[in-house]
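Given next are the chains, with one letter for each unit.
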Amino acid sequence: MSLTSIGDQSQLFLTRRQTTSLRGDLTRLSQELASGKLVNPATRTTGDTAHLIGIGRSLTALTAYRTANAEAAHFTAGAQTALGGVQDLVSRLGPALAALAPTATAQSTANAAQDARGRFASVVGTLNLQVGGRSVFAGIASDQVPLASAEAILTALQSAIAGQTDAAGIATAIDDWFSAPGGGFETLAYQGGPGAPTFRLAAGEDAGVGTNASAPEVRAVLKGLALAALADAPGLAGNLPEQSALLSQASTTLIAADTGLTALRATLGTTEARIETMGVRQTAERTALELAEARFSAADPYETASAFQEVSTQLETLYAVTARLSRLNLAEYLR
Amino acid sequence: MSITGALSNALTGLTAASRGIEVVSSNVANARTEGYARRELMLSSQTLGSQGAGVRVVGVQRIVDQGVLADLRLADGAVAGGDARQAFQTRVGALIGAPGEAGSLSARIADLQAALVEASNGPSSQARLEGVARAAGQIVTGLNTASQEIQAARIQADDEIGAVVEQLNQDLARVRDLNVEIRKLDGAGRDYSALRDQRQILIDQIATVVPVREIPRDGGMVALVTPGGALLLDGQPARIGFAPVGVITPDMTLASGALSGLTVNDRPVDIAVGKGAMGGGRLGALFDIRDGLAPQAQGMIDALARDLYDRFADPALDPTIAPGQPGLFTDGPGALVPADELGLAGRLRLNAALDPSQGGALWRLRAGVYAAGPNAPGDGSLLAAMTDALDAARSPASGPFGGTARSAGALSDQAAGLWSSRTQGIEKSLTFSASRADTLRQLHLQDGVDTDREMQQLMALEQAYAANARVVSTVDELMKTLLGL
Numbered sequence: 001m002s003l004t005s006i007g008d009q010s011q012l013f014l015t016r017r018q019t020t021s022l023r024g025d026l027t028r029l030s031q032e033l034a035s036g037k038l039v040n041p042a043t044r045t046t047g048d049t050a051h052l053i054g055i056g057r058s059l060t061a062l063t064a065y066r067t068a069n070a071e072a073a074h075f076t077a078g079a080q081t082a083l084g085g086v087q088d089l090v091s092r093l094g095p096a097l098a099a100l101a102p103t104a105t106a107q108s109t110a111n112a113a114q115d116a117r118g119r120f121a122s123v124v125g126t127l128n129l130q131v132g133g134r135s136v137f138a139g140i141a142s143d144q145v146p147l148a149s150a151e152a153i154l155t156a157l158q159s160a161i162a163g164q165t166d167a168a169g170i171a172t173a174i175d176d177w178f179s180a181p182g183g184g185f186e187t188l189a190y191q192g193g194p195g196a197p198t199f200r201l202a203a204g205e206d207a208g209v210g211t212n213a214s215a216p217e218v219r220a221v222l223k224g225l226a227l228a229a230l231a232d233a234p235g236l237a238g239n240l241p242e243q244s245a246l247l248s249q250a251s252t253t254l255i256a257a258d259t260g261l262t263a264l265r266a267t268l269g270t271t272e273a274r275i276e277t278m279g280v281r282q283t284a285e286r287t288a289l290e291l292a293e294a295r296f297s298a299a300d301p302y303e304t305a306s307a308f309q310e311v312s313t314q315l316e317t318l319y320a321v322t323a324r325l326s327r328l329n330l331a332e333y334l335r
Numbered sequence: 001m002s003i004t005g006a007l008s009n010a011l012t013g014l015t016a017a018s019r020g021i022e023v024v025s026s027n028v029a030n031a032r033t034e035g036y037a038r039r040e041l042m043l044s045s046q047t048l049g050s051q052g053a054g055v056r057v058v059g060v061q062r063i064v065d066q067g068v069l070a071d072l073r074l075a076d077g078a079v080a081g082g083d084a085r086q087a088f089q090t091r092v093g094a095l096i097g098a099p100g101e102a103g104s105l106s107a108r109i110a111d112l113q114a115a116l117v118e119a120s121n122g123p124s125s126q127a128r129l130e131g132v133a134r135a136a137g138q139i140v141t142g143l144n145t146a147s148q149e150i151q152a153a154r155i156q157a158d159d160e161i162g163a164v165v166e167q168l169n170q171d172l173a174r175v176r177d178l179n180v181e182i183r184k185l186d187g188a189g190r191d192y193s194a195l196r197d198q199r200q201i202l203i204d205q206i207a208t209v210v211p212v213r214e215i216p217r218d219g220g221m222v223a224l225v226t227p228g229g230a231l232l233l234d235g236q237p238a239r240i241g242f243a244p245v246g247v248i249t250p251d252m253t254l255a256s257g258a259l260s261g262l263t264v265n266d267r268p269v270d271i272a273v274g275k276g277a278m279g280g281g282r283l284g285a286l287f288d289i290r291d292g293l294a295p296q297a298q299g300m301i302d303a304l305a306r307d308l309y310d311r312f313a314d315p316a317l318d319p320t321i322a323p324g325q326p327g328l329f330t331d332g333p334g335a336l337v338p339a340d341e342l343g344l345a346g347r348l349r350l351n352a353a354l355d356p357s358q359g360g361a362l363w364r365l366r367a368g369v370y371a372a373g374p375n376a377p378g379d380g381s382l383l384a385a386m387t388d389a390l391d392a393a394r395s396p397a398s399g400p401f402g403g404t405a406r407s408a409g410a411l412s413d414q415a416a417g418l419w420s421s422r423t424q425g426i427e428k429s430l431t432f433s434a435s436r437a438d439t440l441r442q443l444h445l446q447d448g449v450d451t452d453r454e455m456q457q458l459m460a461l462e463q464a465y466a467a468n469a470r471v472v473s474t475v476d477e478l479m480k481t482l483l484g485l
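Keeping their order, the protein sequence lines are chains Y and A. Going letter by letter, the first sequence gives residues 1 to 335 in our numbering. Going letter by letter, the second sequence gives residues 1 to 485 in our numbering.
These aren't lab readings, by the way, just hints derived from the structure by calculation. The structure displayed is predicted, hence computed values, not measured ones. Check the hints yourself; a few may be wrong.
Said to hold, decoys possible - According to the in silico footprint, chain A covers these stretches of chain Y (three or more CB under 8 Å from chain A):
(1) 131-142
(2) 177-190
(3) 201-207
Where a beta carbon is used, it is the ideal one built from N, C-alpha and C, also for glycine.
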């Protein structure tokens, strides 16, 4: 440092540099104050931002899973309602037919068959439910209607039992029609695909309806209703003992089918509970991730405002000092 | 003789005072000129024989601290180099992505993940399948753009090296010319301070490009040498040679001979990654960008592209794919040859079989890339498997990531993290160089013109001039008295 003179330019350079630096700070702080986020979060860490970016990625994934969760809940709720409707149609019919069978008359048999036909049509209609444009019980062929129309199925059944004259024969024929692999049910009545729609709720976690209209429980319900609906078949015309035997058979099948339906609905209910738990868990996860992100990249408003105040005061002081210094030279005094 | 002696002494005093005022006026006029060094008048007492005979103006001295100046030049060179590197890092970092940025590669991979989840939950929905195709297309665009930008940065660096080398050659020639002028004036004993100012400015400019040391030679001339040992100017300037290439692709490197290196007097000079005899300033940084930083960035995004390609070109994932065939992503129109990974990021495309605008069909996302016909619309198993494939931890086949198994998103996070920490490192060293340069510049400027001091000098010189003039008029009166007798 020279002892006799200090160049003018050095003072100028110093104030210019300091002004620039303070104004840069001021701009950055005002941006952080307005947006609530750090302008350069990498400076909070050693520069490795992989963790922070990963948090952002997880949040995007959670958003997708939230939508998936809502869809899955809606879909399974629809399936549960449908199965509930079917159970309502079937649960009281079994005992009613059991009570009717011993004291059946031709008229009551015909009424019971008519009623069963009506319920059959209702069950088929309920199972052909669509949620969001997708068939619930058609397996992976969600654009298809799972079950053919009730009339078509009953017509096919009637031709399958043509020539049978006793209840046992009719029951066996109907049983074969429904249960045999490649039999009438699988070729004619069920028009959907295998499997069932699944929803991805989280990485590696799937949930779905888990069943379709070709499940044995559903077949049992349809079989029971068909047995009752065909009690007034031409082959049994006038044969009251055989007709009541058929109705008893129908009621036994329906009571067993009711139990099967309950089990099916219980499984579905477990799935629904799991979907809800998953949703709650993911909401908590989301909150935790947002907190973690905030810790890294959020700008504390109090700290930022204080820093802003400090820097503006400094800048004002610098301006005052610069103004004073500019008037402090010998040439001014020699005027 | 003593009266005439007194007269001549006073006259030399007047000359000295007026020369001094000239110097003061020159200083004050140039108080804010760049490169101007404060002048001081050197006086000594004149002797004639063995007697004193007044004051002699020895000359005008430029007050410059050569040590501070030399350090300042080196620091300025470091700042120029660090600046160029930091600009490149920031430019590429914007493409790879910072936390919270929507267009980053990690965010795009996350979007593909989300689109696959949605599609697997509603596989019959055309809109969701389109969403998957669109998200995959965004990843492809992101990688393509990054690759293009990196090569564009290389081309820019190459062009700039050409311009810089040309400017350097011109500057060295002008310094040589100034040297010659200065020597002539020095021989004639005249004042050449203004030429030295000009030469100082030119050498400052050269120092931002290549760090130089100034070595004084006879007759006021200088020689220029780089700290690395290359002789730039000694009598004659060295001829720096470089041939810019118009277009640069990822496979063109210095080693392959496709890019030009630096020659000094037609002898090649090692400038690998900006170190070596000519490294350390802006020129070195530009070579570092072209041959070091940019290929590293390209390698990193090529490794990311390769990882994505491999995840989907897997027969275990999609049975319709034969071994060696591409899946969701293709290398240009076809399959990737592993040896040809360089530049994959720029060539990556969405498989045409999946893109309706190229004659493909979206149901292939659900049924398999090479499936003959659509499958059941409710079958989301392939889409779910694709989600798993993106999430699966696998070791990347290439790149600077080490062998740790990671998911696709985690790998791209790593890439962003690596790049960001390198950028931080470069920024820190730039900050250090800049503050060092600032400190040195301030020391250097302290030696500059101080108008207060010049005013003080002016007052003293005024007094001296008045006193000498008084002496002259007194002697004049004495002589008149003598002659009037």
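Now for the hints, and whether the structure bears them out:
1. 131-142: holds (count 9)
2. 177-190: Violated: only 0 residues of the region 177-190 of chain Y have a Cβ under 8 Å from chain A.
3. 201-207: holds (count 3)
In the structure shown, a violation is registered for the earlier hint numbered 2 alone.
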